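Spelled out, the chains give:
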Amino acid sequence: MTNLDPDTIKVILATDCGSTTTKAILIQYVDGEYRQTHRGEAPTTVEKPFADVTMGVVNSVTEIAELAGRRLVGDDGRIICPATGTEGCDIYISTSSAGGGLQMMVAGVIAEMTAASAKRAALGAGSIVMDVIAANDGRRPHDQIQRIRDLRPDMILISGGTDGGTTDKVVQISELVAPAKPQPRFGSDYSMPIIYAGNKDAREPVKDVFSDEGFDLQIVDNLRPVLERENLGPARDKIHDIFLEHVMAQAPGYDKLMGWTGAPIMPTPGAVGDILQTVAKLQEINVVGVDIGGATTDVFSVFDETFNRTVSANLGMSYSISNVCAEATMPNVLRWVPFDMNERELRNHVKNKMIRPTTIPQTREALMFEQAVAREALRLAYKQHKEFATTLKGVQQQRTVGDTFSQQTSGQTIVDNMTLDLLVASGGVLSHAPRMHQTAMLLIDAFEPEGVTMLAKDSIFMMPHLGVLASVHPKAAEQVFDRDCLVYLGTCVAAKGMPKAGKSCFSWELSGDRAASGTINGGDLQLVELGEEETATITLSPARGIDLGEGPGKKVQRSVRGGTVGLILDGRGRPLALPEDRAACQSTVQGWLDSLDVYAEESEAVAV
Amino acid sequence: MAKAYTPGLLVTRHKKHRIMRRLPIAGDVQVKVDDMVKADDTVAETNLPGDVHPVNLANTMSLPAADVVACMLKSEGDSIALDEPLAQSKGMFGMFRTIVHSRFEGTVETVSPVTGQVIIRGAPLPVQVRAYMSGRVVGVTEHEGCEIEADVAYAQGIFGVGGETQGCIRVATVAHDQELTADLITEDMAGCVIVGGARMTVESIRRAMEVKAAAIISGGIDDQDLKELLGYDLGVAITGRESLGITVIVTEGFGEISMADRTYAMLREFEGREASVNGATQIRAGVMRPEIIVPLDAAPSASSDAKFEEGQLETGRMLRVIRDPWFGMIGEVSGLPAEPHVLGSGSKARVLEVTFPSGEKAIVPRANVELIEE
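If you're matching them up, the sequences are chains A and B in order.
Just so we're aligned, residue 809 is where the first sequence starts under this note's numbering, counting upward by one.
Just so we're aligned, residue 127 is where the second sequence starts under this note's numbering, counting upward by one.
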């Protein structure tokens, strides 16, 4: 890795090698601040017939070079680094999710405790977790062994036991993995990397279990040294090391690419997590980020500096769209569509999207249906995230007399929509929605933010690049994140509670760049103009039983930021309830869509 | 200026087709370069390590784990038969000994003094790799597999279930737009690859399974029928390992949709010939589509109909619209406007103008068409 003085870095080139597209951005120091100035993209070339990832990188960088009028690729086909005058860059960095990204299997003794911690470490490192094996996962040992044999992970993380605790259970888990002889996904002639991050007293017997050829055992500090504390850093760092040394080294062209970069290549989702953590820390806010793709949906959260990431496999908008409809059920999808649709035709339509994933909605009806599916995919992914992002399970609770009536146990979700400050959207269906109002509405309906929450979207999926940049130049990463990466949609003010339809839910008064006031009734949605560069102070007076952040019925004053959509006042209540009756539901949803001007223009399929 | 690239499904009367046949782990390759092989010939075989059975003797014998090794009647590497004594406790003063009999046949692989667990590995599982396609062996990778090449007629489907199989082509319908119903399938279609026209019904697939047909191919299928057939709602399109006893291939998509005339005409032309078919579909990185391969006796004389470059979107090319509101319709590219167009959905996208056989014209996003490849 290059040891550059951050102050000398003025031109930064970053790429993200995705499964289908390689995206490049150029960041330059302009007028005393870092700005993203140009972007380029090209098809990823990791698969045959090209089988060399650097070809796609060079193509995307060449596009930038043409746009920027700056030579970035030398005659030898390499990226010019360091910069000289009007040529090259000071640092080149990259992330990668090509070839399916990093795929892991994790194992622990107790599913809710050490196995959950191992899963958190793997997810935090940017991995897809293919399965979690635990002594109490309900499967019989031979079923577990068969499952391990069937998987072809890039590496396996084994945890179990606190330091000084029992050793036999964690050795027993190792004894399931070893005889299964799992085969790595890439390269038949290299050993399966095993990371052991469990009870330190079990290291020697675990070494004995994996002493055969075919395994490359790496031992790191216990990721759960005591029940009350996780120590995920060493396991996570080791995952990154192995990702570079083993997984990337097997992928076509990556050995060359690794020689070009000034910082280690990171798995794309790991980099997204890093930038969100950096921003949450620097701005002292709670953040939730979502990236909805064709196959999976990633949710990231930082609450009180605790980071969590989940990957909802098979909740996506193309390859997995059929699974979303199956998991959510078609009635739940259709409740967001304000007109009748033939269910048989819809089912065929969904399957056709699954088998031809690159098609786009041509008609407004098709778009509305796809966005209805997206609401459900996001809702389910966020639900899974809330169930996973909990306080540590298995921790003994200290109770006093004052806690007599409090039934709080360990393992409560730490995701609290009322304390959420910023909700960031990325992924095709959110980023490329024809109107930003649609993106805002999708976020509100799916995530149900409470109180005052800022909404934003990643303009061109730049978060991965900024995540890896944060490891070498956090200041530049934060500046670009705020100024160029995020498109602020506006602020949502939403009432928690069950307001009565037609009765006052809360009154509001705006002062600052905009002055306005009004009352929101139960069931109402209202859009108030507040532009992109505008901020204001909002004073909110909720009705009895309604909470806007300070407790039921208590007055709230907050600073709010405008955006491309504006200020959204939501009196529908939380949890959001839609009428059971289909006709009433259609009418209610149509009313909400009209309030926010979600589908503004009347338009039809184009015939000529 | 670069031409737009829109991949389509390949349907061709001739191509030089090469397939790789590979063992899951190292083994023996039984053919050599230049050998001629038939589709059902075995070209390579190996033994997979047997199933693993863990036996927790410490629990079974109520002993500390460290004492298990001393009680073993079999050592690591020893064979053991079903019900053969595996371990015996020391008992009290040599009396009241407990004998544990093996519930599995195999070899004792490990005995753990830490957990008291014994691992018994079952007999190796033989795996044979068949040629799948008749042709000539053109390459051998020692211990791994071989490459087979043949002159073939080839058609890609859009979606399928079930794995590799082969049989004679039998066309059950009289036209490419005729629905494939159960009454069209007869007993003499056993072992055949049945070809229909438009949508195939679940009853027709069941009837084909009843007569033991190898595969059934048609233009479309209803999602509800697929669900009934599989017994579950398919969530993601990764298929090929279903054990239905038949391979099902859809050439166009879901719903009431006819097989493309050209595909149907080609399959009809090759009626009676042996075809190798595979329903395996994977729609992610490393896309895999189902395929129908008809090996030819000899390469036909070079045709001069390759008017267009593969994958290039050009005026005059035939294409299929693959999304509503013109889903399934086939037409000809009549215009390629350079500027993006605002669609009915409000999105801005690059489009093309298509002229349908009726003379009707439409503007369609380029993402919503696929070329009919020759």
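Do not take every clue at face value.
Calculated pairs, DSSO-like style, for lysine-lysine (alpha carbon to alpha carbon, straight line, at most 27 angstroms) [to be verified]:
{"id": "1", "chain 1": "B", "residue 1": "353", "chain 2": "B", "residue 2": "164"}
{"id": "2", "chain 1": "A", "residue 1": "1015", "chain 2": "B", "residue 2": "200"}
{"id": "3", "chain 1": "B", "residue 1": "142", "chain 2": "A", "residue 2": "989"}
{"id": "4", "chain 1": "B", "residue 1": "216", "chain 2": "B", "residue 2": "200"}
{"id": "5", "chain 1": "B", "residue 1": "164", "chain 2": "B", "residue 2": "200"}
Calculated directly from the structure, the hints in this document are not laboratory data.
Note that the coordinates shown come from a computational prediction; the quantities given were computed from them, not determined experimentally.
Taking the hints in turn, this is what the structure says about them:
1. 353(B) to 164(B): 35 angstroms, violated
2. 1015(A) to 200(B): 24 angstroms, holds
3. 142(B) to 989(A): 38 angstroms, violated
4. 216(B) to 200(B): With Cα atoms ~15 angstroms apart, residue 216(B) and residue 200(B) stay inside 27 angstroms; holds.
5. 164(B) to 200(B): The given pair, whose Cα atoms are some 46 angstroms apart, is violated under the 27 angstroms limit.
Hint compliance for this structure: hints 1, 3, 5 are broken, all remaining hints hold.
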